[in-house]
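Undergrad: Chain order of the listed sequences is C and A. Reading the first sequence from the start, the letters are residues 1 to 255 in this note's numbering. Reading the second sequence from the start, the letters are residues 1 to 317 in this note's numbering.
Treat the hints as calculated values from the structure; they're not laboratory data. Quick reminder that beta carbons are idealized off the backbone N, C-alpha and C, glycines included. A couple of the hints might just be wrong.
As the list claims (entries may be wrong) - Per label pair, the in silico range of CB-to-CB distance: (1) A/Ile16 - C/Phe28: 22 to 32 Å; (2) A/Ile16 - C/Asn215: 30 to 40 Å; (3) C/Pro69 - A/Ile16: 37 to 47 Å; (4) A/Glu150 - C/Leu251: 19 to 29 Å; (5) C/Ile34 - A/Ile129: 55 to 65 Å; (6) C/Leu251 - A/Ile16: 29 to 39 Å.
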Amino acid sequence: MKQGVLMRFLNETGDITRFAGRFFKEAFKPRYEIGEFLRQCFFIGYKSLPLVAITAFIMGLVITIQSRPTLVEFGAEAWLPKMVSVSLVREIAPVITALICAGKIGSGIGAELGSMKVTEQIDAMEVSGTNPFKYLVATRIMTATLTIPILVVLADAVSLYGGYLGANIRGVVSWDLYWNQVFDTLAFSDVIPSILKTFFFGFAIGTIGCYKGYNSNKGTEGVGRSANSAVVISSLLVFILDLLAVQIIDLLNLT
Amino acid sequence: MKGENFKNTRLGLFVIVGTSLLIAAFYFIGSKQSLFSDTVTISARFHNVNGLMKGNNVRFAGIDVGTVESVDIISDSSVNVVMIIEKKAQPYIKTNAIASIGTDGLMGNKLVNINSGTNAAPSIEEDAILQTLRPIEMDEMIRTLNVTNENIMVISSNLRTITDKINNKNSLWNILMDTMVAENVKTSIVNLKIMSNAGVLVTGDLRNILGDIKNGKGSLGALITDTTLSSKIRQTVVKFEKLSDTAAVITGDLNHVIKGLKQGKGTVGVLLNDTMLIHNLNKSVETLKVGAGNFNENMEALKYSWPFKKYYKRKKK
Numbered sequence: 001m002k003q004g005v006l007m008r009f010l011n012e013t014g015d016i017t018r019f020a021g022r023f024f025k026e027a028f029k030p031r032y033e034i035g036e037f038l039r040q041c042f043f044i045g046y047k048s049l050p051l052v053a054i055t056a057f058i059m060g061l062v063i064t065i066q067s068r069p070t071l072v073e074f075g076a077e078a079w080l081p082k083m084v085s086v087s088l089v090r091e092i093a094p095v096i097t098a099l100i101c102a103g104k105i106g107s108g109i110g111a112e113l114g115s116m117k118v119t120e121q122i123d124a125m126e127v128s129g130t131n132p133f134k135y136l137v138a139t140r141i142m143t144a145t146l147t148i149p150i151l152v153v154l155a156d157a158v159s160l161y162g163g164y165l166g167a168n169i170r171g172v173v174s175w176d177l178y179w180n181q182v183f184d185t186l187a188f189s190d191v192i193p194s195i196l197k198t199f200f201f202g203f204a205i206g207t208i209g210c211y212k213g214y215n216s217n218k219g220t221e222g223v224g225r226s227a228n229s230a231v232v233i234s235s236l237l238v239f240i241l242d243l244l245a246v247q248i249i250d251l252l253n254l255t
Numbered sequence: 001m002k003g004e005n006f007k008n009t010r011l012g013l014f015v016i017v018g019t020s021l022l023i024a025a026f027y028f029i030g031s032k033q034s035l036f037s038d039t040v041t042i043s044a045r046f047h048n049v050n051g052l053m054k055g056n057n058v059r060f061a062g063i064d065v066g067t068v069e070s071v072d073i074i075s076d077s078s079v080n081v082v083m084i085i086e087k088k089a090q091p092y093i094k095t096n097a098i099a100s101i102g103t104d105g106l107m108g109n110k111l112v113n114i115n116s117g118t119n120a121a122p123s124i125e126e127d128a129i130l131q132t133l134r135p136i137e138m139d140e141m142i143r144t145l146n147v148t149n150e151n152i153m154v155i156s157s158n159l160r161t162i163t164d165k166i167n168n169k170n171s172l173w174n175i176l177m178d179t180m181v182a183e184n185v186k187t188s189i190v191n192l193k194i195m196s197n198a199g200v201l202v203t204g205d206l207r208n209i210l211g212d213i214k215n216g217k218g219s220l221g222a223l224i225t226d227t228t229l230s231s232k233i234r235q236t237v238v239k240f241e242k243l244s245d246t247a248a249v250i251t252g253d254l255n256h257v258i259k260g261l262k263q264g265k266g267t268v269g270v271l272l273n274d275t276m277l278i279h280n281l282n283k284s285v286e287t288l289k290v291g292a293g294n295f296n297e298n299m300e301a302l303k304y305s306w307p308f309k310k311y312y313k314r315k316k317k
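One chain only, chain A, in its complex shape (with noise of 0.2 Å):
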């Protein structure tokens, strides 16, 4: 009889899991449905529902709040949708709120979606309507996609291009890839460095010579700072302007004679200007040539007489 005990607990086991398992099942599939919470139905009237059906989710601000109760048409160009909607999630559906068609991803079951109102507005109450959005068809969005598609290979296009251009030999690219260039600019920051260095060593000494300078040190420092020899410049200068002044008026006189000059005035005027003075001048220059070779003619002559022969002998000596 124990044994008979025994064996009837295991089957109550037995039976009870297998039950309530079933049980449980329900229950979840239910509350998945939204079947057993309190629940709101609201409806929304849709120009196209893109084959939403019975069932399918209902998702305000992507969270599943209930679903779709039925699709009905009611007019040539609407569809009532009636949706059950979770108490809980009722709040905060506002009456301003909008209902659009939807997919769960890209080829997903389709779905509503819920995009929550403004805050100003109330909550909705038991069998509100909502506005609706025309749904995303996906056709459309291909053609769409299509004009982007062609957009992008011109662009595409286009970079290839620049790109080609870039890894040219002849390009800046070259410029970049070269490690000389690299070298180069590295060695030319070394010597800007030295040369920056230097350039504080001979600024310091600029410092220390404009010291010496302000102190009076040195002929230039006595120069500047000298105050007696300032003043003897500056006599200089003045006698140097009178100088210069008297210089303008000798110019202004030389001017004058060589304008007279040109026009031929006075002596050397004519000298200058007369052509057949300087005719003369070259032919008794010609004459005087001539003379003189004949004068050098009897020079040599000379030099073999009688009477010179032994002078010339002597001198060669």
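Just chain C, with the same shape it has in the complex (with noise of 0.2 Å):
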């Protein structure tokens, strides 16, 4: 049983991989599916904005609150903005938007093109000669891969706005002074790493929630499942892929 558990796991991983390798394939070809792939963007991107900037907002709260015991035990007040945005634009923000995008893009995705499978109308668009893979999964995934960055960077700006607030609930923290210590403490080397891995978090959650979405099976209950298993794996992916890249980050010398 052991042995099923770890072959259907390889052969998962491997089905995911040639599933990705196919979007490489197909979603370069000409005859690029426009206007779906705007659409996506406003419902992957635009749609889970609220969310991401309320999360974001409270993430940059919480940290700054939570910061300052310790940095006051070492009469250390006035790097509140400087340990606070170095730790909310490296790694809170980027991880946050993607796990809140995991659970709402992730289970969309899954469900949506979970149901379509499951009604077959995947199979009626492969027979009315659209091919579904290029007008669902591709512009889905390019979406998620490029929006989700673009969310990150709001997310920045909003949990640093709510370090800012955080920083002035107990001391004083002029406005000028907070974004001249955040803008004097992050270098390139935290931004555009930050950024970088956001760009694979959103390849993940969109990949993982197609693949999901699109070997949906077993009727109306694969569908439930399909997004469950969506948000579970692009989740864990999310975790897996900032340890890849804190590792080469390091390796690189970049932090």
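Given two chains presented individually in distinct reference frames, assemble the corresponding complex, making use of the accompanying hints.
TA: Okay, here's the thing in structure tokens:
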């Protein structure tokens, strides 16, 4: 039975890789589905913004409030904006945004494609001459890959604003001083790797969601299951990718 | 179709805001690292850079004007530090400015401090090499602090002794703290005031008296102001003088006489100096005493003798 689990895991990994490979093969061939891509951008990117913004704002606020006592202990209260900005931009905003999107987008794509698959709409598309992979999968993966970095940038901004408010709950940091300290601390080596890794987060979320939905079966029950496993696997992948990213950044001496 | 357009607008807004934020962030970070403004490259050779790294700040007169571009070892005793400085700071950095390695705060990042040189020197050019100063090393500073600490310990113990002495009951402090003393001092001052008031009155009186004297009022005034009296007094004084002269002569004579006496000259001198005589005199006196005693006895006997008895009885009554 153990062998079976391992085999299934390896099988699925291989399938996902092939699925991703197929995306690269098909997405860059002409006859681009621009309209569908923009529609997905609106739904995946724009519609996720309030959720992401609220989460990021709260994270910025909370991290600042939580960090204060430790810094006060060292008498380094003035370092609060610096510390908070680094932790928010480098790690917290990208990962939190990716997790939120894994929940919202991953489950959305999984359920949508799953139900289309179960109701045989995908098969109908294929019959009618439209490439369902190109129309449904490529646009969604592309959208997730491109909109999540934008969401992360917005989340960075909103969470830093939350940090500003958090720093001003107990202490007094002027608006100018706060942003000065933030940009004084942040370097390209903080921002660029953290933005770059979010493309991979987005790609992983889109790919897993589409794969799970596209390969959904067993009727309506399968729709729920594919949505669920899309969220679980993409969340897990976000962390695994984050681990990989931090190791690569460390190897390249960009920390 | 209208709804689709609206959605596209919002999507466009979303993308533009996101990317412009990213670009703004890059710009702000870049401007902090002086990447997008005009810069000049200068360098300085240090003996020891104390952990200075690429990207550390360069400060001129305390203002961040650039960053460290590279830190390279060029020989066994010198390290070349290349710095990128904003062009707008260039005119103020003179060729004789001194670069030194400092720390941002006590535990902060290392940085390069450039002190302004003298006005007379020309401004630096591209690729200028600045003079350097040996950086302050923390452990050296702590060593010095150690000595200072020991001194402070001695000083504080001395201070303690002094304060103990001051706090002691029999000390100046006690006097200072004693309210009674203060009260007494206050009373004394009040008394002094009263006294000085009286003094003022007295002086007023004195002035009056003096005025009177001046004007020849009263006996003293008369004495002082009367000119005839003064001439009389002068005469008297002259007479006195004469008298004292005579007295001096007399005293001289007396002196002479006494000297003579001492030497036993003359009758009185013999009398005074002859001890035998004194003895004889004593003896005579003794004899006289005895004689007188006998006479007394005779007189007592006489009282009771017949012819005088009556007389004494009558006298008794």
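Undergrad: Hint by hint, note whether the structure agrees.
TA: So, going through the hints one by one against the coordinates:
Look at A/Ile16 against C/Phe28: about 25 Å separates their beta carbons, and that is inside 22 to 32 Å. For A/Ile16 and C/Asn215, the Cβ-Cβ distance of about 36 Å falls inside the hinted range of 30 to 40 Å, so the restraint holds. The hinted window of 37 to 47 Å between C/Pro69 and A/Ile16 holds, with their beta carbons roughly 39 Å apart. In this structure the supplied range 19 to 29 Å is violated for A/Glu150 paired with C/Leu251, their Cβ-Cβ distance being about 49 Å.
A hinted range of 55 to 65 Å for the beta carbons of C/Ile34 and A/Ile129 is consistent with their spacing of about 58 Å. The supplied range of 29 to 39 Å is met by C/Leu251 and A/Ile16, whose beta-carbon atoms lie about 35 Å from each other.
Comparing the model with each earlier hint shows a violation of hint 4 alone; every other hint is respected.
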